[in-house]
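Visitor: The task is simple: from the sequences and hints, build the whole structure.
Number of protein chains: 2
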Amino acid sequence: MVKFDKNLLTSMDLIIRKGTQSDMGSVLKLIKELASFENEANAVELTEKDLLHDGFGENPAFKVFVAEIENEIVGIALFYERYSTWKGKAIHLEDLIVKEKHRAMGVGKLLYSKVMEYAFNNNYKRVAWEVLDWNKPAIEFYESTGAKVLYDWNVVQMEEKSLKVFVDKMNS
Amino acid sequence: MVKFDKNLLTSMDLIIRKGTQSDMGSVLKLIKELASFENEANAVELTEKDLLHDGFGENPAFKVFVAEIENEIVGIALFYERYSTWKGKAIHLEDLIVKEKHRAMGVGKLLYSKVMEYAFNNNYKRVAWEVLDWNKPAIEFYESTGAKVLYDWNVVQMEEKSLKVFVDKMNS
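Chains as they are written, first to last, in numbering that gives the first Met the number 0: chain C, 0 to 171; chain R, 0 to 171.
Everything labelled a hint here was simulated from the structure, so no lab data went into it. Watch out, some of these pointers could steer you wrong.
To be verified - Partner residues are not named here, just some residues of chain R that face chain C (Cβ under 10 Å, in silico): (1) F61; (2) E69; (3) Y79; (4) R81; (5) W128; (6) V154.
The beta carbon of each residue, even a glycine, is placed where N, CA and C say it ideally should be.
Guide: This is the structure in structure tokens:
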């Protein structure tokens, strides 16, 4: 099972809480930090305005938990609802990001646990996410918590540009 | 590009339309047919009542297009909204199912195209779904339409039972 280094964390006053509108700048920074780490910095087209618009109106498109240490957002877990035609309502964990200098302190595990607790308390039937198949430490952690990596299921994506090409050809 | 066998289809009066409440019995049948084909018949816990409740209230959890031939539902494309922290609002195509005896007639391609058109017309930034890595005909078709299979990304799931075990241990 997951072990939290509680001494380390409590000594630094770590808070896990729901993200608010004023956190979206920090949330976007973390999203961009992860994209840079994956050599995909330019792939982030989302702006702070988008996050504010999409996450805080009626029917918000996502929810986010933030990890805060001394007024600094050091990690996020961003998620939203999905639907399984076998099980029913599910949660998708889109992003679990911890700032580089705050890793290996249990922040990620606490955010992960918070999402699982949220899903359980709200009667969701499943939590799903995606992992790079070479990310062994992540996979080991997920499996240690009872999650299953579906090694024969791959993600498929039709991006905006290809979507336009496809629909244009369809209608021509 | 996708070629539709229009002669075959028009001769049989195929209609692609939004699914309604009265279609949910047929939709569930198709979901169960696919699960049986995957040797997972017992994995479908969803009922017609669930589909009616989840798909047709305020904030429906999914949308569905149905393919109808002579008043029979022969295929479905079930989808819902997701959120990419790089691109913004996206569509997830959860199920694309065609009844066995109606396959290879272009019904699946028409349903697929309908979802892509819906995503494009409603300004979604991406359509995503999942595929079994050994399903070569499906992968070939997807790639021929401009979609990309992310071969190094695997799906991870925490199912309800494991979720309970995890949360119970967390709080003990």
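Visitor: Taking the hints in turn, state whether each one holds.
Guide: Here is what the structure says about each hint:
{"no.": "1", "hint": "F61", "result": "holds (5 Å)"}
{"no.": "2", "hint": "E69", "result": "violated (25 Å)"}
{"no.": "3", "hint": "Y79", "result": "holds (5 Å)"}
{"no.": "4", "hint": "R81", "result": "holds (7 Å)"}
{"no.": "5", "hint": "W128", "result": "holds (5 Å)"}
{"no.": "6", "hint": "V154", "result": "holds (4 Å)"}
Of the hints listed earlier, the one the structure fails to meet is number 2.
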